[in-house]
Amino acid sequence: MSGADLPPAISLWRDRRFTRFWAGNSVSQFGDRITELALPLIAIGALDASANQVAWLTALIWTPNLLAILLGAWVDHQARKRRLMILADLVRAAVLLSLPAAQLLGAVTLTHLYAAALLTGAAGVLFNTAYPPFFVRLVPRASYVDANSKLSASRSASYVAGPAIGGALVQALTAPVALVVDALSFLVSAVLIGRVRVGEPPAAAPGAAASSLLRRSREGLAFVVRHPVLRASLGCAATVNFFTFVGGSGLLVLFASRSLGLSAGVIGLALGAGATGGLLGAVCAPAISRRLGMGRSIAVGAVLFPAPIAIAAAADGPLWLRAGALAASQFLAGFGVMLFDVNLNSLQAAVIPDHMRSRVAGAYSTVNYGTRPVGAIVGGLLATLVGLRPTLLVAAVGGALSLLWLLPSPIPRIRSLDPETLAGVIGDGIANGGSGSRQAV
1 MSGADLPPAI SLWRDRRFTR FWAGNSVSQF GDRITELALP LIAIGALDAS
51 ANQVAWLTAL IWTPNLLAIL LGAWVDHQAR KRRLMILADL VRAAVLLSLP
101 AAQLLGAVTL THLYAAALLT GAAGVLFNTA YPPFFVRLVP RASYVDANSK
151 LSASRSASYV AGPAIGGALV QALTAPVALV VDALSFLVSA VLIGRVRVGE
201 PPAAAPGAAA SSLLRRSREG LAFVVRHPVL RASLGCAATV NFFTFVGGSG
251 LLVLFASRSL GLSAGVIGLA LGAGATGGLL GAVCAPAISR RLGMGRSIAV
301 GAVLFPAPIA IAAAADGPLW LRAGALAASQ FLAGFGVMLF DVNLNSLQAA
351 VIPDHMRSRV AGAYSTVNYG TRPVGAIVGG LLATLVGLRP TLLVAAVGGA
401 LSLLWLLPSP IPRIRSLDPE TLAGVIGDGI ANGGSGSRQA V
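Position one of the sequence shown corresponds to residue 1 (the numbering used here), numbered consecutively onward.
No lab work stands behind these hints: they were computed from the structure. As the structure is a prediction and not an experimental result, all values here were calculated from the model. Hints are supplied without guarantee of correctness; some may be wrong.
[Said to hold, decoys possible] Derived pair list, reagent style SDA-like, types lysine to any residue, alpha-carbon separation capped at 20 Å:
1. K150 <-> R14
2. K150 <-> N25
3. K150 <-> W13
4. K150 <-> T276
5. K150 <-> I288
[Claimed, not checked] Here are the simulated distance ranges between beta carbons:
6. L404 <-> R83: 41 to 47 Å
7. W13 <-> V386: 48 to 54 Å
8. G265 <-> D418: 47 to 53 Å
9. W13 <-> G194: 18 to 24 Å
10. A79 <-> L385: 48 to 54 Å
11. V198 <-> D418: 27 to 33 Å
12. R137 <-> V386: 46 to 52 Å
13. A79 <-> E219: 16 to 22 Å
14. P408 <-> E219: 22 to 28 Å
15. L319 <-> T109: 29 to 35 Å
16. H355 <-> R291: 33 to 39 Å
17. R291 <-> L173: 42 to 48 Å
Glycine included, every Cβ here is placed at the ideal spot set by N, Cα and C.
Please construct the entire structure, taking both the sequences and the accompanying hints into account.
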């Protein structure tokens, strides 16, 4: 189908189904920013956790993605994707509420934190593998770029205000109580998604055996490996994720707290101010893509996302300079990740067939997000052996080297999503896969 064959895009703000989903997604994104700050601060402040223990906390959140390849194949054969998303939200709310309950009883432990991280991570994998087929039935094909931009913008906005709100809540109410806000955000998301009605296809024929599940899982991975765009983008994204998690958010918060001497409130304000780069990047990404070309924009984002970690690592001097360096590094990284994300999401949306979406999402997540816990563990070991500053510098340099995956691939030569342009660069048979889906870095 050519661009001329697509129905005209309508404003998604007039679509109540989309605005309900967008609102629920936006609320839960803001809650997530609070948890990202509160969980490591519970470990650091209440339990006096070491760098390695904080790194394991981050790792466990992402460890369930190692099974996403199987879960994606299973979700592909479930008819009610929306119910799976609601279930995932309810599970995350219940798990997070268990932490302030334990605080009231004076029973918060590192084991409890680890279990909460693992369970919320598993529920997140369920949500993310059910999301792509739900999305293509919610949003008209002609509007998928617009929808991805709106979702990315709200995600970026959450990074602006979320850390500041989280820092203030942690300081005023303690970290466990602040998690109540995130739990409530998942309940709001569940209610709003529950009010979104979409036509869902019937379930696959019964009788699929375990071998069939494994076969479908292999099909999803094989599709990614054989596809020149998906293969290169996965290698690049997985490398970025590995190294950014070597210097991941938990270690960054630990570095800012112990090495830079910043309070929870100052850390939250610095991260929130820096996150305006993500919002600006989400807004500017389409215009930059038109000027540089989609592929080159992805390449620039692949470097600009991890490299600024070095700015935070080099921070020193008075309080305002230390906080400013942290904010500047986050501003540039946020701009880079949105430049990478918005363009790569749209490109992937154009080349993945509709019937493969959950399988491809699961296979992609297993490799892409599976590198995150490995990176977090390596980061904790490095921080223990050589210190926090050198670890953050390794993360910056290693992440920027992800560009090497893109250079020999067709991606830098892709200027737009025009089907004829894609076909000329990557081949007619694999250039146009279907409608859009979200796949955040």
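Going through the hints against the structure:
1. K150 <-> R14: holds (13 Å)
2. K150 <-> N25: holds (11 Å)
3. K150 <-> W13: Holds: K150 and W13 sit about 10 Å apart, inside 20 Å.
4. K150 <-> T276: holds (15 Å)
5. K150 <-> I288: holds (17 Å)
6. L404 <-> R83: 41 to 47 Å: About 42 Å separates the Cβ atoms of L404 and R83, which means 41 to 47 Å holds.
7. W13 <-> V386: 48 to 54 Å: Between W13 and V386, where Cβ atoms are some 50 Å apart, the hint holds.
8. G265 <-> D418: 47 to 53 Å: holds (48 Å)
9. W13 <-> G194: 18 to 24 Å: Taking Cβ atoms as reference, W13 and G194 lie about 21 Å apart, which means the hint holds.
10. A79 <-> L385: 48 to 54 Å: Holds, at about 50 Å.
11. V198 <-> D418: 27 to 33 Å: holds (28 Å)
12. R137 <-> V386: 46 to 52 Å: Hint holds: Cβ distance 49 Å, inside 46 to 52 Å.
13. A79 <-> E219: 16 to 22 Å: Distance hint for A79, E219 holds at roughly 20 Å.
14. P408 <-> E219: 22 to 28 Å: holds (26 Å)
15. L319 <-> T109: 29 to 35 Å: Holds, since L319 and T109 (Cβ atoms, about 33 Å apart) stay within the stated range.
16. H355 <-> R291: 33 to 39 Å: Given a distance of about 35 Å, which is inside 33 to 39 Å, the answer is holds.
17. R291 <-> L173: 42 to 48 Å: holds (46 Å)
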